[in-house]
Amino acid sequence: MHGRREMIHFQSHFQSPLEEADLVIVPLPYDGTTSFLAGTAKGPEAIIGASDQLEDMEEELSWRPLYELRVHSLPPVRPSSPSETPEEYLKKIEEALAPVPESAVLLGIGGEHSVSVPLVKNRLRPGDTFIVIDAHPDLRDYYGESGHSHACASRRVHSAGMNLIQIALGTISPEEREFLKSAGRIEQFWAWELEKPENFARLLKRLGEVEGNVYLSLDADGLSLSYMPGVGTPIPGGLEWGRLMEVLRAVFGNAKANVRGFDLVEAMPLESSVITEFSAAKIIQKMISFRWGMKKLLRDV
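Going by our numbering, the first residue of the sequence shown is number 1, and it counts up by one from there.
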């Protein structure tokens, strides 16, 4: 056990000093560019609250990751005012991440998908790999009046020189389709394709081939509405729970890849149900466990 206990943190983890942290958690309560249903800004608080009801033990790898790792949670990065521009808010995230040691792994809890971009840029460099589960490509250059909308998140990562692997796509705009003709460095696995076992096996094989630094982003609308109903723009056909776990095992169990950060974004708590935040909390616990536990398991075999 490390440091003092803070009840406001994910699974009430013990707060380690930032400079010693294995994992740095960043709550990002922002939905300033949401284009349909608002509410993802409430996601981090709801997810962290739900996490306290999870068992400390991650059952698959049989350990207590939030107790055995050195974890530091940054204060939530909140918008200063309703008039704050997306560019101003994302700059605040960059500033909040400045003191995070290079050795730490980042975990973002959103918030809309635009919040992922400064986290990715903080941990990856050109030529590294951004793996994203999302029903939307988010490859627009501008959406509304901003190039930093949630609909532009993957475009901004691509513009920074990273390679993209997009999983569980369910829709696309004409602008994005046109961009893909000449973009390069983008691989896409569509939701309808992944219904076929041979295509899902091809995805898992590809994830096992990734080398070097990786950032994994989970947009809640790329997951099945059966366990993730609270999303701003629901698209049918997201990954079922078992399929999601297989993807996570493939990413985190890849001995050639170094996952330097990951996030879960776009989860929106509903008044009628707590399924969304509980599922999100469990997914985050799984990702933390798999990030450190999968490779340890492989070494011990």
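Hints were generated in silico from the structure; no laboratory data involved.
Treat the hints with caution; some may be incorrect.
To be verified - Lysine-lysine pairs mimicking DSSO-like chemistry, simulated, CA-CA at most 27 Å apart:
#1 K181 / K196
#2 K92 / K181
#3 K256 / K295
#4 K42 / K196
#5 K121 / K295
#6 K121 / K196
#7 K205 / K256
#8 K121 / K92
#9 K282 / K256
#10 K91 / K121
#11 K205 / K181
#12 K92 / K196
Hints and how they fare:
Restraint check: the Cα-Cα separation between K181 and K196 comes to about 25 Å, which is no more than 27 Å; the hinted pair holds. At roughly 34 Å between alpha-carbon atoms, K92 and K181 are farther apart than 27 Å, so this suggested pair is violated. Restraint check for K256 and K295: satisfied, since their Cα atoms lie roughly 10 Å apart, inside the 27 Å limit. About 35 Å separates the Cα atoms of K42 and K196, which puts this hinted pair outside 27 Å; it is violated.
For the proposed pair K121 and K295, the alpha carbon gap of about 25 Å is at most 27 Å, so the pair holds. Restraint check: the Cα-Cα separation between K121 and K196 comes to about 34 Å, which exceeds 27 Å; the hinted pair is violated. The suggested pairing of K205 with K256 holds, with an alpha-carbon distance near 13 Å, which does not exceed 27 Å. A threshold of 27 Å between alpha carbons decides the hint, and for K121 with K92 the separation of about 14 Å falls inside it, so the pair holds.
In summary, the hint linking K282 to K256 is supported, as the alpha carbons are separated by about 26 Å, within the 27 Å threshold. Our distance criterion of 27 Å between C-alpha atoms is met by K91 and K121, whose separation comes to about 12 Å. For the proposed pair K205 and K181, the alpha carbon gap of about 25 Å is at most 27 Å, so the pair holds. Distance check on the hinted pair: K92 and K196 sit about 43 Å apart at the alpha-carbon level, beyond 27 Å; violated.
Consistency note: the structure conflicts with the earlier hints numbered 2, 4, 6 and 12.
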